[in-house]
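There are 2 protein chains.
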Amino acid sequence: MAQSSDLEQAISTLVNQFHSASSNGSGTLKTDEFKNLLSSQMPNMVKGIATEQGLGEIMRKMGVADGEGISFKNFWSLIQNVATNQHSILAAAQKAGCSCILL
Amino acid sequence: MAQSSDLEQAISTLVNQFHSASSNGSGTLKTDEFKNLLSSQMPNMVKGIATEQGLGEIMRKMGVADGEGISFKNFWSLIQNVATNQHSILAAAQKAGCSCILL
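Residue numbers (the numbering used here), protein chains in the order written: chain A, 85 to 187; chain B, 85 to 187.
The shape of chain A in the complex, shown without the other chains (with noise of 0.2 Å):
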C-alpha cells in the first residue's frame, strides 16, 4: 500500500487499538479488555466508566448483550457516537463564528 494519508492512519489507528486490546485475537473483547481500552484510549471522550453500573450503561448502549464479549461492530457504535458528539460541538462552534479544530 502507498504512503496513507492521516485520514486513512486515523481509520488503522482504530480497526488496531480494538485488535491490541483481545488478548485471544478472537476477535471480541472480555469486559476487563474493554475496560482498559477505554481508560486508557478514551480518558477524555468518555466518561463513567469508573463504576460498575456506569460502565454498564455504556456497554447497553453500545448494544452488548449481558455476558457477550464485545464485537467490532459494539465499539464501532461507541466511536460513532463520540464522533457525532464531537462534529456538533466543532459544527457549532463554527456557526458562532469560530474558525477552530478540535485538538
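Rather than coming from a laboratory, the hints here were simulated on the basis of the structure.
The list treats identical chains as one, so a pair stands whether inside a single copy or across any two.
Here are the simulated lysine-lysine pairs, DSS-like style, with alpha carbons at most 27 Å apart:
1. Lys179 with Lys114
2. Lys119 with Lys179
3. Lys179 with Lys157
4. Lys157 with Lys114
Predicted model, so just to flag it, every value in this text is computed and none were measured.
Model the placement of chain B on the given structure of chain A, informed by the hints.
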C-alpha cells in the same frame, strides 16, 4: 482537555478532516469538495472516484440524495464501511495465525 490518546486523536482527525474540507463552514460538503477529500485523504482505501460513475456509486452507497451536499452522517457511513472492511481483513489474518497490525 488533558493529553489526547491515539484513539482520541484518531477520532478528532476524522472530524477535523471533514470540517476542513468544507469551504463555507455549512456542515455539508459540495461534491467537488468531497471528491478532493477522497483523492487527497483516501487514495488507498477508497477506489473508483476517478470517473463520474464511480463517484456517483460511492455517494449513493453513502445515502447522498441527488443534488444534495454530503453531510457528516453520509461521510461517517463511508468511514464505517472502510473500517469494517479493514477489521475483516485483520480478523481473517489473525485467524490464519498472523500477529499483525494495519499499516
